[in-house]
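There are 2 protein chains.
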Amino acid sequence: MQIFYAPDISGNEFILDESESRHCVRVLRMRAGTSVNMIDGKGNLFEGVISTADDKACRIEIKRVIHNFEKRPYSLHIGISPLKNTDRFEWFVEKSVEIGIDEITPVICSNTEKKTVKAERMNNIITSAMKQSLKAFRTRLNPPVDFLKFISATHNGMKLIAHCNNGIIRVPLGEVYSPGREAVILIGPEGDFSIDEIKLAIESGFKSIKLGNSRLRSETAGIAACHSIYFLNQ
Amino acid sequence: MQIFYAPDISGNEFILDESESRHCVRVLRMRAGTSVNMIDGKGNLFEGVISTADDKACRIEIKRVIHNFEKRPYSLHIGISPLKNTDRFEWFVEKSVEIGIDEITPVICSNTEKKTVKAERMNNIITSAMKQSLKAFRTRLNPPVDFLKFISATHNGMKLIAHCNNGIIRVPLGEVYSPGREAVILIGPEGDFSIDEIKLAIESGFKSIKLGNSRLRSETAGIAACHSIYFLNQ
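Those sequence lines, one after another, are chains A and B. Counting from 0, one number per residue, gives the positions in the first sequence under numbering that gives the first Met the number 0. Counting from 0, one number per residue, gives the positions in the second sequence under numbering that gives the first Met the number 0.
Chain A with its partners taken away, still in its complex shape (with noise of 0.2 Å):
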């Protein structure tokens, strides 16, 4: 069933723009009475017919609107470093997105190399992964801030702080998060937080965490914290 992405979509009525007309027309060479499917982010699955396949303005009827499809009973927002590699980073996103997560923010730390994002990318990314996985909210990707900014801001549920130092006790993950609740999550970079960095995120009311007894990349981590998350919720 082909899904496509639609943030506007209202009313009864949903007409795809130029280049999605012409690729579902001529490309994939839909007819008036095909099936298709749209999502909004907004917690909306819009299930529509095809009535006029104009490869221009091609029209969808909307027969049935799904609000609140497959809500998750709990919110996850993951703050992590930037990587070096950004196709890790790409890669953290796309599959925290098929997993499930409400929001994504760049985390600028002490060690943290690069320090920037390409935000139109990673939106296009968090797009297709939606569309792929079928996800009628969308995740939310804020633009980077620094550690101290991203410790001392106001967050709902649990703050939660991953990291690999040994001489900071860290408590799993399993045994401090409840189902059900709100949960923030800092997942540092290559080379992990500073030590300083930890303390005043303690300080701040982040709990120290650890994910179990693997080393893992910075993108590992950020979709086993996901992914644990998603586990417990099951």
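Treat each hint with caution, since some may be false.
[As the list claims (entries may be wrong)] Computed spacing ranges between beta-carbons, pair by pair:
no., chain 1, residue 1, chain 2, residue 2, range
1, B, G156, A, E17, 53 to 63 Å
2, B, Q131, A, K113, 42 to 52 Å
3, B, P142, A, I168, 28 to 38 Å
4, A, G190, B, G42, 23 to 33 Å
5, A, G204, B, N11, 47 to 57 Å
6, A, K83, B, N141, 30 to 40 Å
7, A, L133, B, N11, 54 to 64 Å
8, A, S177, B, I167, 25 to 35 Å
9, B, Q131, A, G166, 20 to 30 Å
10, B, D16, A, S151, 28 to 38 Å
11, A, I194, B, P178, 49 to 59 Å
12, A, S177, B, S203, 47 to 57 Å
[Claimed, not checked] EDC-like, lysine to aspartate or glutamate: derived pairs with alpha carbons at most 20 Å apart:
no., chain 1, residue 1, chain 2, residue 2
13, A, K209, B, E69
14, B, K55, B, E19
15, B, K83, A, E46
16, B, K209, A, E69
17, A, K55, A, D16
18, B, K83, B, E69
19, B, K117, B, E69
20, A, K130, B, D145
21, B, K130, B, D101
22, B, K148, B, D191
23, A, K70, A, D86
24, A, K130, A, D101
25, B, K130, A, E189
26, A, K55, A, D86
27, A, K130, A, E174
28, A, K83, B, E93
29, B, K113, B, D16
30, A, K130, A, E46
31, B, K83, B, D101
32, A, K114, A, D86
33, A, K114, A, E89
34, A, K83, B, D86
35, B, K130, A, D191
36, B, K114, B, E89
37, B, K130, B, E89
38, B, K55, B, D16
39, B, K83, A, D53
40, A, K130, B, E189
The set of hints was computed from the structure by calculation and includes no laboratory data. Quick caveat: nothing in here was measured; it's all calculated off a predicted structure. Note that the Cβ used here is the ideal one computed from N, Cα and C, for glycine as well.
Given the structure of chain A, go ahead and fit chain B onto it with the hints provided.
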């Protein structure tokens, strides 16, 4: 700390081959007295010190051996279809080694489009993920086998098949798996297993499971399965 993969290590000295010696002495500028670690893929971690920083035959004196280094209390074998996009399969291999896996078998299913795997390239990925995450036990990559051959082979422990077919009862992985057990988990290709394959697997003693409610790509499902078993064993 520099880590070397040394499958043939023995005795109380280890000599790096010419290319590694050059890298170690010329590129990394390591000198006599520098501490290094070696893993042999059989569960041993060797702590050593460079005794002669020769750029053709760098000698390392072994000071200590740790047997069964971070041995997992369970074992995991994932049978997964090769994927059209090689990057995605490689990514599964890298991440599952980081998290922890004993055996990977590429399984050729009726919906498998690409039926081969580049064994040498995958083994290089396994080696570098082992070094990265300091795994003393090597993940075994088996040659590709057909689905029917895989399900009829003898497997120790629990046999599980993860699929997306809503028409067949699927139990959440967390409800069937008990920590400490050996497990074999089957993950299908893009387009999933055929219904016949799922039925045949069930007849052969595989339990039908689901990894949650998210629609995951094959490689993400592989990682989710690997991480679920890891998480349940924490």
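Consistency of the hints with the structure:
no. : hint                        : in the structure
1   : B/G156 / A/E17: 53 to 63 Å  : holds, 55 Å
2   : B/Q131 / A/K113: 42 to 52 Å : violated, 19 Å
3   : B/P142 / A/I168: 28 to 38 Å : violated, 45 Å
4   : A/G190 / B/G42: 23 to 33 Å  : holds, 28 Å
5   : A/G204 / B/N11: 47 to 57 Å  : holds, 51 Å
6   : A/K83 / B/N141: 30 to 40 Å  : holds, 33 Å
7   : A/L133 / B/N11: 54 to 64 Å  : holds, 58 Å
8   : A/S177 / B/I167: 25 to 35 Å : holds, 32 Å
9   : B/Q131 / A/G166: 20 to 30 Å : holds, 22 Å
10  : B/D16 / A/S151: 28 to 38 Å  : violated, 52 Å
11  : A/I194 / B/P178: 49 to 59 Å : violated, 33 Å
12  : A/S177 / B/S203: 47 to 57 Å : violated, 39 Å
13  : A/K209 / B/E69              : holds, 16 Å
14  : B/K55 / B/E19               : holds, 8 Å
15  : B/K83 / A/E46               : violated, 29 Å
16  : B/K209 / A/E69              : holds, 16 Å
17  : A/K55 / A/D16               : holds, 7 Å
18  : B/K83 / B/E69               : violated, 34 Å
19  : B/K117 / B/E69              : violated, 29 Å
20  : A/K130 / B/D145             : violated, 31 Å
21  : B/K130 / B/D101             : holds, 15 Å
22  : B/K148 / B/D191             : holds, 18 Å
23  : A/K70 / A/D86               : violated, 29 Å
24  : A/K130 / A/D101             : holds, 15 Å
25  : B/K130 / A/E189             : holds, 15 Å
26  : A/K55 / A/D86               : violated, 35 Å
27  : A/K130 / A/E174             : violated, 33 Å
28  : A/K83 / B/E93               : holds, 18 Å
29  : B/K113 / B/D16              : violated, 36 Å
30  : A/K130 / A/E46              : holds, 14 Å
31  : B/K83 / B/D101              : violated, 24 Å
32  : A/K114 / A/D86              : holds, 15 Å
33  : A/K114 / A/E89              : holds, 14 Å
34  : A/K83 / B/D86               : holds, 19 Å
35  : B/K130 / A/D191             : holds, 18 Å
36  : B/K114 / B/E89              : holds, 14 Å
37  : B/K130 / B/E89              : holds, 16 Å
38  : B/K55 / B/D16               : holds, 7 Å
39  : B/K83 / A/D53               : violated, 32 Å
40  : A/K130 / B/E189             : holds, 15 Å
In terms of the numbered hints stated before, the structure departs from hints 2, 3, 10, 11, 12, 15, 18, 19, 20, 23, 26, 27, 29, 31 and 39, listed from lowest to highest.
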